[in-house]
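Colleague: Below are the chains, spelled out letter by letter.
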Amino acid sequence: MVEKNKPAERGDTSSPAGSLLERPHRVESLESVVIRFAGDSGDGIQLTGTEFSKSIATGGYEIVTHPDYPAEIRAPLGTLYGVSAYQVKYSNNPVFTSGEALDVLVVMNPAALKMNIDDLKHGGTLVANTATFTPANLEKAGYESNPLKDGSLAIYRLIPIDISGLNATALKDSGLSRKDIGRCKNYFALGFVLYLHNRSLNQEIEKVRTRFAGKPEIAEANVTALLSGYAYGEVCEVFDTRYTVSDEVNLTPGTYNSITGNRAVAMALVTAAKQTGLKVFLGSYPITPATDILHNVVKLPNFNITAFQAEDEIAGVCSALGAAFGGSLAATTTSGPGMALKTEAIGLAAMTELPLVVIDVQRGGPSTGLPTKTEQSDLLQAVYGRNGECPVAVVAARSPIDCFHTTLEAFRIATKYMTPVIVLTDGGIANATEVGRIPRLDDLPPFEVKFRTDPNGYRIYERNENLARAWVRPGTPGLEHRIGGLEKDALSGDVSVDGANHDKMVRTRAAKIDGISKDFAPLVIEGSEEAKLLVVGWGGTYGSIAEAVRQSIADGHAVAHVHLRHLNPLPNDLGEIMERYETILVPEINLGQLSVLLRNKYLREISGFNRVEGKPLRVSELRNTIEGLA
Amino acid sequence: MQKIQINDLTRKDFETSQDVRWCPGCGDYSVLKQVQLVLPTLGIPKENFAFISGIGCSSRLPYYMDTYGMHSIHGRAPAIATGLKLSRPELSVWVVTGDGDALAIGGNHFIHTMRRNVDMNIILLNNRIYGLTKGQLSPTTQLGRQTKTSPVGSIDRPVEPISLALSMGVTFAARAVDIDQKNLRDILERAAAHKGTSLVEIYQNCHIFNDGTFEAVSNKKLRDDNRIMLEHGKPLVFGKNRDKGIRLNGMRPEVVSLADGKYTEADLLVHDEQTDCTVMAYFLSRMHNPDFPVPMGVFRAVAEDCYGQSVRSAEAIVEGKRGPGDWDTLIRGADSWVVE
Chain A
1 MVEKNKPAER
11 GDTSSPAGSL
21 LERPHRVESL
31 ESVVIRFAGD
41 SGDGIQLTGT
51 EFSKSIATGG
61 YEIVTHPDYP
71 AEIRAPLGTL
81 YGVSAYQVKY
91 SNNPVFTSGE
101 ALDVLVVMNP
111 AALKMNIDDL
121 KHGGTLVANT
131 ATFTPANLEK
141 AGYESNPLKD
151 GSLAIYRLIP
161 IDISGLNATA
171 LKDSGLSRKD
181 IGRCKNYFAL
191 GFVLYLHNRS
201 LNQEIEKVRT
211 RFAGKPEIAE
221 ANVTALLSGY
231 AYGEVCEVFD
241 TRYTVSDEVN
251 LTPGTYNSIT
261 GNRAVAMALV
271 TAAKQTGLKV
281 FLGSYPITPA
291 TDILHNVVKL
301 PNFNITAFQA
311 EDEIAGVCSA
321 LGAAFGGSLA
331 ATTTSGPGMA
341 LKTEAIGLAA
351 MTELPLVVID
361 VQRGGPSTGL
371 PTKTEQSDLL
381 QAVYGRNGEC
391 PVAVVAARSP
401 IDCFHTTLEA
411 FRIATKYMTP
421 VIVLTDGGIA
431 NATEVGRIPR
441 LDDLPPFEVK
451 FRTDPNGYRI
461 YERNENLARA
471 WVRPGTPGLE
481 HRIGGLEKDA
491 LSGDVSVDGA
501 NHDKMVRTRA
511 AKIDGISKDF
521 APLVIEGSEE
531 AKLLVVGWGG
541 TYGSIAEAVR
551 QSIADGHAVA
561 HVHLRHLNPL
571 PNDLGEIMER
581 YETILVPEIN
591 LGQLSVLLRN
601 KYLREISGFN
611 RVEGKPLRVS
621 ELRNTIEGLA
Chain B
631 MQKIQINDLT
641 RKDFETSQDV
651 RWCPGCGDYS
661 VLKQVQLVLP
671 TLGIPKENFA
681 FISGIGCSSR
691 LPYYMDTYGM
701 HSIHGRAPAI
711 ATGLKLSRPE
721 LSVWVVTGDG
731 DALAIGGNHF
741 IHTMRRNVDM
751 NIILLNNRIY
761 GLTKGQLSPT
771 TQLGRQTKTS
781 PVGSIDRPVE
791 PISLALSMGV
801 TFAARAVDID
811 QKNLRDILER
821 AAAHKGTSLV
831 EIYQNCHIFN
841 DGTFEAVSNK
851 KLRDDNRIML
861 EHGKPLVFGK
871 NRDKGIRLNG
881 MRPEVVSLAD
891 GKYTEADLLV
901 HDEQTDCTVM
911 AYFLSRMHNP
921 DFPVPMGVFR
931 AVAEDCYGQS
941 VRSAEAIVEG
951 KRGPGDWDTL
961 IRGADSWVVE
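Here the protein sequences come in this chain order: A and B.
Using this note's numbering, the first residue of the first sequence is number 1, and each one after it goes up by one.
Using this note's numbering, the first residue of the second sequence is number 631, and each one after it goes up by one.
Note that these hints are calculated values from the structure, not bench results.
The beta-carbon is built from N, C-alpha and C at its ideal position, and this holds for glycine as well.
Be aware that a few hints might be false.
[Said to hold, decoys possible] Computed cross-link-like contacts, DSBU-like style, restricted to lysine-lysine with a CA-CA straight-line distance of at most 30 Å:
{"id": "1", "chain 1": "A", "residue 1": "K299", "chain 2": "B", "residue 2": "K676"}
{"id": "2", "chain 1": "A", "residue 1": "K416", "chain 2": "B", "residue 2": "K676"}
{"id": "3", "chain 1": "B", "residue 1": "K951", "chain 2": "A", "residue 2": "K215"}
{"id": "4", "chain 1": "A", "residue 1": "K299", "chain 2": "B", "residue 2": "K951"}
[As the list claims (entries may be wrong)] Every beta carbon over 10 Å from chain A, so not counted as near; a handful from chain B, in silico:
{"id": "5", "residue": "K676"}
{"id": "6", "residue": "F679"}
{"id": "7", "residue": "I682"}
{"id": "8", "residue": "T779"}
{"id": "9", "residue": "L794"}
{"id": "10", "residue": "E949"}
{"id": "11", "residue": "L960"}
Isolated chain B, as found in the complex (with noise of 0.2 Å):
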């Protein structure tokens, strides 16, 4: 078989036979087109792309990828993403989870992922249910939202996935909306063109279980007041007619209103994704609607030395010392003896 170019990659080369088995009308369908989208534009061959995923409906992501690829156990991918990409570090390594799937049965591999900067992208699509089981409360459910298994309404508190990105350093967490394409699209290049860790969290909407979650940032009619788009350097302006901003009280952010003369953009908070402080990023990860705009794109994106790298310092340091392993030395060991 002819080697294809890197250049002459396109969507078609990442697509599969298998028929897609989400149901109809699900945002997993405008992910996976994305993903499609960005792979062959990041000048990487198509067979050192590998896509780890666990259990759940979004992690059956793999299977219409025409890459390498391991649909494996419930929350388990990050770890073998772990031992893959340490083992192979020219590969590039994605993991596709969701809520479940990355913060319930997987919240350990998730964590210690961020925590040691393995280089990878993790896409969880967030859809704040379990759809695959049919309707019960995951760990993104707001609370008091009925499900199967919160009949009166959730009373677990939610938890905030970037929030606890931010919490293990993470060097690259961003957001988006699924059926924001464009959006969404930037910002998977971006994840990928980063060295390190880098969390991509798609809020995707699951209209059989969960229909309309995200209703307030994904409605074009809505979305503007709703939410807030992050952009470096930039003060944090938004509204249909961006005349409201986010400004600084105290320790508190709280919205303000640029119409009435009072503030001015001067006065508000400028995005710094690069600071290697987590601090705004984290408060910008507790914004929620009503009260607040809901942050859009990239909370942070920082360069630090990943997982990877350090292993290989290490190894070098050790070889660097010693030289390369002599088996027979080893084996021998140091203090052996000879019978004649």
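Chain A with its partners taken away, still in its complex shape (with noise of 0.2 Å):
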């Protein structure tokens, strides 16, 4: 096992090189920090985002982040829609979200610069790179006037940094092109901002090296403007503050890493196979923000994994139930436009009661929409969306690790109940990172599958105690059997057209779903006792729910907050736990669809609270929401 940055190195000042300046600064103690890089889309943002953050996270903190890119790949230079943003937020006690206001802003360029700079808080520290401050580029971001000169960035700790030049000349010697030298200047940024984090280098040259372990000039020319910006830090003279957060340890031991939602579902698919130690089988066609999965998994092909790049989302599901017939643990993966296409797929297995998991990313709609911005918004089409009476379970993740566990769970629901099973994701925890403890494979729920091989007395659709018929694998002599999407009589499994039976196929489908509910473990109740007001959230807003609600509990406020994995069916606690409290909200990112099953179910007056601009709730207007309510 790798053991690299120990939490007792959190502080660290050490200069990496061990050559430079040593001066005297003031380092500012905080609870948490929120920081926030901005630039063109192809400055490199998100790398460096990423770098940073785990950077940060090796030290033992906890992080959340949150990258904002734009839907255009190279957007025009200079423009505000090209602007790309990652945020992070670190601290060591709990972190729910990637933070509102921003401690620290790190822009490339004037538009970076002009789209972000309402989040800085007051007396933050805004870090700009000077070299972009061009006529020109001021014109493209809608300035009259250059900011960093005017005065009007006054309530802020503006430092400008000409990190272009400064980085060029730094690589002057290095032997590379400009083009090649202006592409390090991130990690000259990176090397500032570590910098002003306190934090060791050591660990990050590493990385740089074995990143670029095949082109050594380039690896040798960003180690140099890494230590070039962190030089630059020590000697700047117009900056005398430094960030540390407290290095108080509350994680329990173990080994940890960070993971974004996206990876967290392909680790999933890894662990079906290896705990079932049957083929995993990915059929999935390229869309925004749900590739990154498929990316994950072909490259996993010694994992007893075949991902499968279809010609669309129909042949992506479908093949996905040819494998399921076949008898893998078959998925598909996608985000919103893409489930619309599968729809009709997904009631085939509904039909033909086969295990299926449908991953859906959920992105901005309807239509094409905001494909990279996130959205709660396919709940209703998800439980609700396909043609006849077609239930199928439904379940939702809270944070990218989470992903893991909900996805796993939806593969044990989806053989157990010979089902298709809709995992909701979003862009948000999509994409986010989150740290946490890995878990080993002893401390997961147990799952295995059954294949029916005895080929006495077999009827297609005779059921078990969960209202599931038995799985059999094709191979397997004397059970040959056919399947459609076609009704089928409710024994034998022949073709039927009898109105009794379909009848009573509807009601015994409906039936099994709503089974589902008595393997769910009680739901967890955070927050005070004593609360009148119950916040009900599904899905990836858990962050933003619980940190307002931790928020307002510390401020005096008496609130609960339960949060829903499964909203199909919904926990038969659920309905009990609700009549205990006077007021419910229920915040979401769409215009209130878990209102509107909530109403429905338990004819409860629901208030909601929400937002549909792309991003996670906002915590303060949460906390105002719930502190009126409370």
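Two chains, two frames, a set of hints: combine them into the complex.
Modeller: Below, the structure written as structure tokens:
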């Protein structure tokens, strides 16, 4: 087991090269820090943000990240719509969201400043790459005068740095082309920010050398840029405050790593194969923001996973269904528009009663909508969006790491109940990073799959105590059978158009899905015991809601929070829990879809808190609503 | 239950108890019979056959086959079959489809399956009409044909399934007529033996909505002058008296007489189903009545790696490089850290 940066090293201020000037600096100690990097989509912002987060996380801090990038791959330089950003909040206490008011903002050009400055705290630190504040770029960003010089940023602690120029000077003897030198500037910025946050560089240098192992001259140039950025922080006259977060260790001992929601889904597929010994088949078609799952899985064929990039969304789900018929653990990954296309095949999976896991990484809709932004607006589509009476199980993940556990549970439900299961994640948690302790295989709930092999008395729709029919692998002698989209006799599985039989099958399929809730663990109610207000959330809004509830309680308000993973069927104890509270508030990144489900099922009045702005719910705003109701 | 020995399998083993519900006299009966006759001869255990179909009259066929089967949704059978075959390479996978199912709603899956050369047999029952929805024009309906949705005659130019397949590099393409039992059976046997995607287009008469559309090539009195039987390595000769042939004139095929002494068999094109060049097969696929005889038999049969093999060799390369995946190492990740 590799042991790298131990928490004890936190706060280590030794300079990486050892020869840099030692100067006394004031170190500001905070409970948590929120930092955002912003620049052109080609500036390497996502890389800088990811590297920074990793470095912070390896120090043993909790982090939550929020990458925010434009739909265009390389939008025209310097434009407002081409701004890409990456935000991270870290603390030694639990972190639920990537934060709101920024402590530090790093902007690589005027457009990035324009788009992000309103989120910086008064007195917050603004690092700006002055080289890009040219008349042309200022005009593109809509500035009439240079904000770095006209005093309009006086309420912030402005650190103007000629990142491009300093980087170029540092690398003038590197032998690289001007273009390649320019590409190193994000490492200069990273070095500077790591200095600002009191981090040691050793590990980052090692990583750069590994990352560019095939191109040693690029690796060394990036290392030089990194060291120069760090050194600039040390010698910089204008600046005398560094950030540090209290380093009291709260973490359970174990091995830790950070993971995004999309990678967590991929790890769940691997784990399902490992636990059951069955092949996992992923049929998928590229779609933002779900594609990274496929990217992760294609690298893992030596884990008994076959990944298939299909010709379209329909072929993605259909190939998975074919694999499910063949006895594999089958999944397809997609986002809203792809879900719409997969609808008919999910109906076929419900009708044929085959296990199928459909992972919908929700994004802004309708139609193409906001491909790179988050939303929770596919809930009703997941629960109801098929022709006919077609119930399927629907589960939702609350955080990046929870994507792992939720996806694994989806496979357990799918195979136990012989049903499609829709897993709802979202663009927020799919791309965000969360740090967690790595589970051991023994820590996970057991997962075993049995196929029927006994031909005696086999009838296709004979059901067990869970109302599930038997799963039979083609290739099993004596069990040859036909299934399909036509309604079938409730026992033999022969095609049937009999009305009474259809009524029975419709009700049986519904009862089967309803019965899944008997397996759910009791809901956990967080917050105050004496609360009269219950906040009910689901999926990726967990962080925002938990943080808002925590802050409200700290401020003396009584409020409780219950967060749902299971959306269909709903948990059995939810109705009784809701009865205990006078007021129910349901915050969602949609116009009230869970509210619809809860009103319908429990005949309760529900207050909604609904924002559809393509980003996580704002804690401060939600807190105001909570405190108004509590 | 006693496992049935492969060599003892008969047509009866592949019949189901379901009443066959095609219209009496439908060409589909003949196809069903030939399929049931061919399967026992292939040396494949009964339990290893899987039939996947879409929607339409033809797609009911799996219900009448006592094999593993799925009657799926419109146009998607090749996609479902692809997932099945990739995850279970040892199965013999068959797709049963029609002209609407394969070429209209399912066109995308149809072409991509052949492009990848997934090892499956596609039986395309082409009746040039929508039967189950009662008589609308299909992608193969001929120009000018009156149907329920083309009351003044079809203005849609028809697709030629074999041309389309060849443009996708299909490794096996053949055509037969539903009631030409001997020829149909031979072709099904060859399709089953082929590794990769085999497309068998079967001209199938829908005597309710499009009766007689294949009369010229199915009627015993007419067919010899209107069709040409493709034989590998043989010159393209046809006619009741075998007195006509196809020769290449520049870049175009033309029908010539062998009776007037001007041309002999030596002047004719020789059929080569094994050439890697698809050009000859392509212009054969464009030959239609009345200007040309319609080719029957195997247009193309070439050996190329099929998709499943490629997937498995790619997997083997990764496994060879990295060894079997280790779950603990993967889950831990490259840059994990320990908290004590």
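Colleague: Would the pair A:K299 and B:K951 pass a check requiring their Cα atoms to be no farther apart than 30 Å?
Modeller: Roughly 12 Å separates the two Cα atoms, so the pair holds.
Colleague: May I ask you to check that B:K676 keeps its beta-carbon over 10 Å from the closest beta-carbon of chain A?
Modeller: Given that some Cβ of chain A is not farther than 10 Å from that of B:K676, nearest at about 7 Å, it is violated.
Colleague: Determine whether the non-interface label on B:T779 survives the test: each CB of chain A must be over 10 Å from its CB.
Modeller: 23 Å, holds
Colleague: Regarding the assertion that B:F679 does not contact chain A, is the least Cβ-Cβ distance greater than 10 Å?
Modeller: Nearest chain A Cβ is 8 Å from B:F679, so the label is violated.
Colleague: Taking the closest pair, is the beta carbon of B:L960 still more than 10 Å from chain A?
Modeller: 6 Å, violated
Colleague: Please verify whether A:K299 and B:K676 have alpha carbons no more than 30 Å apart.
Modeller: Not satisfied, since the Cα-Cα distance of roughly 36 Å exceeds 30 Å.
Colleague: Closest CB-CB distance from B:L794 to chain A, is it above 10 Å?
Modeller: 15 Å, holds
Colleague: Closest CB-CB distance from B:I682 to chain A, is it above 10 Å?
Modeller: The claim breaks: B:I682 does not keep its Cβ more than 10 Å from every Cβ of chain A (closest is about 7 Å).
Colleague: Does B:K676 lie within 30 Å of A:K416 when you go C-alpha to C-alpha?
Modeller: 28 Å, holds
Colleague: So is B:E949 really clear of chain A, every C-beta pair being over 10 Å apart?
Modeller: Violated, since 4 Å does not exceed 10 Å.
Colleague: B:K951 and A:K215 were given as a pair; does the straight-line alpha-carbon distance stay at or below 30 Å?
Modeller: Cα-Cα ~22 Å, so holds.
Violated hints for the displayed structure, listed by number in ascending order: 1, 5, 6, 7, 10 and 11.
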